[in-house]
Amino acid sequence: MGSMVKKTMKKGAVKAQQVRSQLQQYTIGIAGLGGLGSNVAVSLVRAGIGGLVLVDFDRVDESNLNRQHYFLSHLGQKKTDALTSILKSINPRCTITTYDTKLTPGSMDKSFHSVDVIIEALDDAAMKTAFIEEIQQKLPHTPLVSASGVSGYGHIDRIQIKKMGTLTIVYDPDAKDVEDDILVAPRVNLIAQWQTNIAIEVLLGEHQ
Amino acid sequence: MSITVNKREVEWVKDETVQELLKRMKYSFPLVIVKINNEVISRKKYSETIIPKDATVDVIHMISGG
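Residue numbers (the numbering used here), protein chains in the order written: chain U, 1 to 208; chain X, 1 to 66.
Just so you know, these hints were derived from the structure itself, not from any lab.
Please note that a few of the clues may not be correct.
Stated by the list, open to error - 20 angstroms max Cα-Cα, derived EDC-like pairs, lysine to aspartate or glutamate:
hint : chain 1 : residue 1 : chain 2 : residue 2
1    : U       : K163      : X       : E39
2    : U       : K162      : X       : E39
3    : X       : K35       : X       : E16
4    : U       : K138      : U       : D157
5    : U       : K102      : U       : E133
6    : X       : K26       : X       : E9
7    : X       : K26       : U       : E134
8    : U       : K162      : X       : E16
9    : U       : K88       : U       : D109
10   : U       : K163      : X       : E16
11   : U       : K138      : X       : E16
12   : X       : K35       : U       : D157
13   : X       : K26       : U       : E201
14   : X       : K44       : U       : E201
15   : U       : K11       : U       : D58
16   : U       : K11       : U       : D61
17   : X       : K35       : U       : E206
18   : X       : K45       : U       : E134
19   : X       : K7        : U       : D174
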């Protein structure tokens, strides 16, 4: 009995090591470091991702702390800098490249040419739409994981995965726009983690 | 003759544009991603892109928040 338990643990440990060393070879680009992007980044670094490309122009504001992975000590700092220091304190071996810049239509793909998967983690619907259109046109072979409908709380069963070629969207078609609803940590983070999970599946070749 | 829109089978209309299809389906959301046979159609081309026979069309509406 004792030896069986030991054997099972060993198998698990081997698999864990395999997954980490696979993830170690890949880089993921994240557009937007708010409620979605900051939580995706933390989770990917914990999982052992080799590199991250982080893009955001914003600074940490007190209103962000209800859902975004920052602390009071980061208020006023650039999100790219604040998040890098957090990620480095989790795993200093992850290679982090940051762009403290606003994504502008026409050059939205610029920072993402050498990444293996792109996470769309923007907040504004018009920007999300423009980003998806441009990335899918310019980098049609790069898997893109997006999210739409994160506001509110509850209604987890409404969230669905829409997979259309290289584009996957974590989607709640019945969610309200943030103008008419609130953003709360669990639902935003849940969708961020769902995006992260899909990105890992894509990298490990298991996303159907 | 038919097309598939968000997994629903609907009638194919000859020379129908993306813009006309969105109207016919009563999709009134201001911001959508439209994919025809897995290819993203840019918003600027909704009024000139014709839906081909047997097309698979996905329409996702983008909602602010993140």
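Now the hints, each set against the structure:
| no. | hint | verdict |
| --- | --- | --- |
| 1 | U:K163 / X:E39 | holds, 12 angstroms |
| 2 | U:K162 / X:E39 | holds, 14 angstroms |
| 3 | X:K35 / X:E16 | holds, 15 angstroms |
| 4 | U:K138 / U:D157 | violated, 34 angstroms |
| 5 | U:K102 / U:E133 | holds, 17 angstroms |
| 6 | X:K26 / X:E9 | holds, 15 angstroms |
| 7 | X:K26 / U:E134 | violated, 26 angstroms |
| 8 | U:K162 / X:E16 | violated, 25 angstroms |
| 9 | U:K88 / U:D109 | violated, 25 angstroms |
| 10 | U:K163 / X:E16 | violated, 25 angstroms |
| 11 | U:K138 / X:E16 | violated, 27 angstroms |
| 12 | X:K35 / U:D157 | violated, 25 angstroms |
| 13 | X:K26 / U:E201 | violated, 35 angstroms |
| 14 | X:K44 / U:E201 | violated, 33 angstroms |
| 15 | U:K11 / U:D58 | violated, 44 angstroms |
| 16 | U:K11 / U:D61 | violated, 45 angstroms |
| 17 | X:K35 / U:E206 | violated, 23 angstroms |
| 18 | X:K45 / U:E134 | holds, 13 angstroms |
| 19 | X:K7 / U:D174 | holds, 17 angstroms |
The structure shown violates the earlier hints numbered 4, 7, 8, 9, 10, 11, 12, 13, 14, 15, 16, 17.
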